[in-house]
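Protein sequences, first through last, are from chains R and B.
Per the working numbering, residue 146 is the first one in the first sequence, and the count goes up by one each step.
Per the working numbering, residue 3 is the first one in the second sequence, and the count goes up by one each step.
Hints are supplied without guarantee of correctness; some may be wrong.
Sample of chain R residues facing chain B (criterion: CB under 8 Å; computed from the structure) [unchecked claim]: (1) Asn-147; (2) Pro-149; (3) Ile-153; (4) Ala-154; (5) Val-158; (6) Ala-163; (7) Ala-167; (8) Thr-169; (9) Tyr-173; (10) Val-186; (11) Arg-187; (12) Leu-189; (13) Phe-219; (14) Gln-429; (15) Leu-432.
Short derived list, chain R residues pointing at chain B, Cβ under 8 Å [to be verified]: (16) Phe-161; (17) Leu-164; (18) Ala-168; (19) Gln-175; (20) Arg-628.
Derived by calculation from the structure, the hints in this document are not laboratory data.
Predicted, not measured: the structure shown is a model, and the values here were computed from it.
Cβ coordinates follow ideal geometry from the N, Cα and C atoms, glycine included.
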Amino acid sequence: MNTPLRRIAVVVVVMFLALMGAATWVQYVQAAQLNADPRNVRTLYREYDNFRGPIVVGGEPVASSTPVDDPFGFQRAYTNGPLYAHATGYYSIVYGRTGLERASNDLLTGTADSLFLSRIQDLVTGRQPQGSSVELTLDPAVQAAAAEALGDQRGAVVALDPTTGAVLAMVSSPSFDPNVLAGHDTSTVNDLYRTLTDDPGEPLVNRAIAGDTYPPGSTFKLVDAAAALESGLTPESPLAAPDVLPLPASSATIGNFGGASCGGGGTVSLAEALRISCNTAFAQLGLDLGDDALREQAERFGFGAPLSIPLRVTPSRFPEDPDQPQTALAAIGQQDVRATPLQMAMVSAAIANGGEQMAPFLVRTVRSPDLEVVEETSPSVLRTPVSPATAAALRDMMVGVVETGTGTAARIPGVLVAGKTGTAQTTDDVAPHAWFTAFAPADAPRVAVAVIVENGGNVGNEATGGRVAAPVARAVIEAVLAR
Amino acid sequence: MVTVAPHQVRPGRGVELGLLVVALALGVGAYALVGLNVTGVLPANIARYGAGMAVLAVVMHLVLRVRAPYADPVILPAAVALNGIGLAMIYRIDLAESTAADPSTFANRQLAWTGIGVLLACVVLVVLRDHRTLRRYTYTAMVAGLALILLPLVPGLGTTINGARIWVHLGGMSLQPAEFAKIALAVFFAGYLVTHRDTLALAGPTVLGLHLPRLRDLGPILVVWAGSLAVLVFERDLGTSLLFFGLFVAMLYLATERTGWILIGLGLFLGGALVAARTFSHVAARFEGWLHAFDDDVINQSPGGSFQLVSALYGMASGGLFGTGWGQGRPDLVPYAESDFIIASLGEELGLTGLLALLLVYLVLAERGMRTAIGVRDGFGKLLAGGVSFVVAFQCFVVVGGVTRVIPLTGLTMPFLAYGGSSLLANWVIVALLLRISDSARRPAPEVQGYDPGAPASTAADGQATEVLTGLREARG
Chain R
146 MNTPLRRIAV
156 VVVVMFLALM
166 GAATWVQYVQ
176 AAQLNADPRN
186 VRTLYREYDN
196 FRGPIVVGGE
206 PVASSTPVDD
216 PFGFQRAYTN
226 GPLYAHATGY
236 YSIVYGRTGL
246 ERASNDLLTG
256 TADSLFLSRI
266 QDLVTGRQPQ
276 GSSVELTLDP
286 AVQAAAAEAL
296 GDQRGAVVAL
306 DPTTGAVLAM
316 VSSPSFDPNV
326 LAGHDTSTVN
336 DLYRTLTDDP
346 GEPLVNRAIA
356 GDTYPPGSTF
366 KLVDAAAALE
376 SGLTPESPLA
386 APDVLPLPAS
396 SATIGNFGGA
406 SCGGGGTVSL
416 AEALRISCNT
426 AFAQLGLDLG
436 DDALREQAER
446 FGFGAPLSIP
456 LRVTPSRFPE
466 DPDQPQTALA
476 AIGQQDVRAT
486 PLQMAMVSAA
496 IANGGEQMAP
506 FLVRTVRSPD
516 LEVVEETSPS
526 VLRTPVSPAT
536 AAALRDMMVG
546 VVETGTGTAA
556 RIPGVLVAGK
566 TGTAQTTDDV
576 APHAWFTAFA
586 PADAPRVAVA
596 VIVENGGNVG
606 NEATGGRVAA
616 PVARAVIEAV
626 LAR
Chain B
3 MVTVAPHQVR
13 PGRGVELGLL
23 VVALALGVGA
33 YALVGLNVTG
43 VLPANIARYG
53 AGMAVLAVVM
63 HLVLRVRAPY
73 ADPVILPAAV
83 ALNGIGLAMI
93 YRIDLAESTA
103 ADPSTFANRQ
113 LAWTGIGVLL
123 ACVVLVVLRD
133 HRTLRRYTYT
143 AMVAGLALIL
153 LPLVPGLGTT
163 INGARIWVHL
173 GGMSLQPAEF
183 AKIALAVFFA
193 GYLVTHRDTL
203 ALAGPTVLGL
213 HLPRLRDLGP
223 ILVVWAGSLA
233 VLVFERDLGT
243 SLLFFGLFVA
253 MLYLATERTG
263 WILIGLGLFL
273 GGALVAARTF
283 SHVAARFEGW
293 LHAFDDDVIN
303 QSPGGSFQLV
313 SALYGMASGG
323 LFGTGWGQGR
333 PDLVPYAESD
343 FIIASLGEEL
353 GLTGLLALLL
363 VYLVLAERGM
373 RTAIGVRDGF
383 GKLLAGGVSF
393 VVAFQCFVVV
403 GGVTRVIPLT
413 GLTMPFLAYG
423 GSSLLANWVI
433 VALLLRISDS
443 ARRPAPEVQG
453 YDPGAPASTA
463 ADGQATEVLT
473 GLREARG
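All chains should be built: construct the whole structure from the sequences, respecting the hints.
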């Protein structure tokens, strides 16, 4: 009986080899794939059981993790949550991550490739691994001023440093408190999330960069003027400015704001047309330049291009193939032209920076737990939308808007402010969106800003960009200049 | 004539004691690490626990010194190590699942069962002086085995847990009689086959070149086979049925050396399994959960989905090569982490390295049993030792294979590791039997005619002794 016994013994060895092979398959070959399976609750626990690095604004953490005694190990907390909610985003066990919590996740968790050395150090020294701190470009005073000026009106504010591209303020209103979504009790979080998604004000949407983009209205005239100047016109070039412009190949007409006349129904200079925001003159200019020239100039300002700061920015857009009436309407920022507040701030910033558009960025430095700088964003030129001469001419024209034109509400004593108003009609029965974009001081710019107040804000149907949005921009500019 | 110097067989009790120290250190050390890593302090009862385990191991060691001095020195330490590591993991899962209001006490109960199991093994070693005594009870074992198999079907006694009717409630305890039935059946097969192997193998018609046994020789075996099929059909226990079938085929092959019958047996089982998969929804669900474990609707199906299996695979994957360490993983995320899926819990916390080490301990245990079977001189002992060794190995294969998706998940317990009193008692009895048989396998033939109470009744010829040693060497290779 020894022969079959030996054979059975071999069978036993084979069975165990099969088991060892299968165990190796599961725990080694397939392990990475299994660990990455989104249905794997361990991955969730492991990720949340992680000493996540803080998000820092002005030297103070606005998002930080503290150890707690539950399966997740750490609780994420947001100081001044609603003020920075759209920048930080939230970090929820149920709804995942948004904002920088998502965009800078691998830095905050410490798993980014750039943190490899730091991880090795942790391993050698036995220190508890901690994620990096992500320091933002936001300025607490500017951010607070923007939020306060906007108040409870729906809208958004973006402020940039035109010489570097650093985002100084990014406010979207209404906001929310990310703390309520960072809780570890699933049913509570579910309820609060549903409250937020049911809110008609859509507090979770970051209107500054990623909302339902808005028609830019008359602020788009900056793009028209840039295209005109680049094509050889000067600020003094006369533009036809009828009281009412019949649109070619249609029975529709374009009039001026409030049915007013610009230049007595004859011609106005380009500078004058911008100062008083003359619709008929810019509509005719748009027709004369053609939609291709307008689109090209818009794209040189960044329309249609993907952008990440590192939050993902919805690309602004100019219509693909408009007919003549559509081109005329697009020239005054209506019809299918859409822009984010960040895009309009970037237009102003490029003009302010002598025609060079700096790449906007939100993360200034990334530091390892021992405060060593791991990554630092250095300013870079993104595009050159206009020549220095064109930029200088546009600057002077925009100064006129604030000094004596539609944007006088943004005047600041002793400071030269350059700006442009916009009042964008959406539908007839809803109050228009009020826009204002500006930079200051005009001769040595330190801030470029764009403001939108949805549907006229507190003023309703009486709203214009100059009346509703310009004061918000002024508050932001003052906050920057007061630094 | 060439004279051969008599080979001195060392009893190996000293080796056993050394290995026992290692095994105890593994188990008690694991227990201490669990406490340290989960709560930050040593478990409150670590001294009592360590002393208890040591006393149990030493008592059994002393019993062996007196009653079976030549028993295999590796079998007991292997069992002690596995039992200790299992206890540590059960304690670890207790800590994870305990709440202040409802403390989980699986580990305490498992510790009590360990004590009973070791004492039962000692009793077997003391009472059963010679394993061949068991041969007298061949048919008693058959009846007992069948009765144990069918016990859960008795109304009022058996209970259905998770769809399988394999439990018996007796005086507040729940037992799985099938665990004991496998020993009884091994005794029956060994006793029956050793008597009838020649008639089975030689008498009977030849059909299509394949030799078939006479029906009257095969009859009792068929009765038992039908009994194990009844388990599958009426008790809905795929695992136990598979285990009995494996035992049956292996021992039939050991006795008759007829490979063709194995093929027929395997064919019959695969055919039966396919029919069962089409006929019974619970079997079909197991196949579905095996083949399409990661489909969303299979995972979410309840009952009978693959959620448990997939959770276990996630756990093992998160352990990776070296594991999370004792107490550092989340084995409690897998349902039944302390019983059916303890191997996944160990894979998570000890890693692939630890899991392979555990499998090697099982392999050593099973192969030591096989070596015992090769070494022992009588046919009954060979069949019994071979049968129970194979059944231990096969049970590991069915359990670990189910967890790692080699075969469909069936729901057996891992010998010694998993929580469960019946399984622990039965496996300690198996260890006692193997130790008893190995004692007579390794005991040198008496050189002088004299009275030796422990020696086999027959005196072995030199030739047989040489065969024994050759067998040992070959088994090692």
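When the structure is checked against the list of hints, which entries are broken? Sort them ascending. Violated hints (numbers, rising): 12, 13, 14, 15, 20; every other hint is consistent with the structure.
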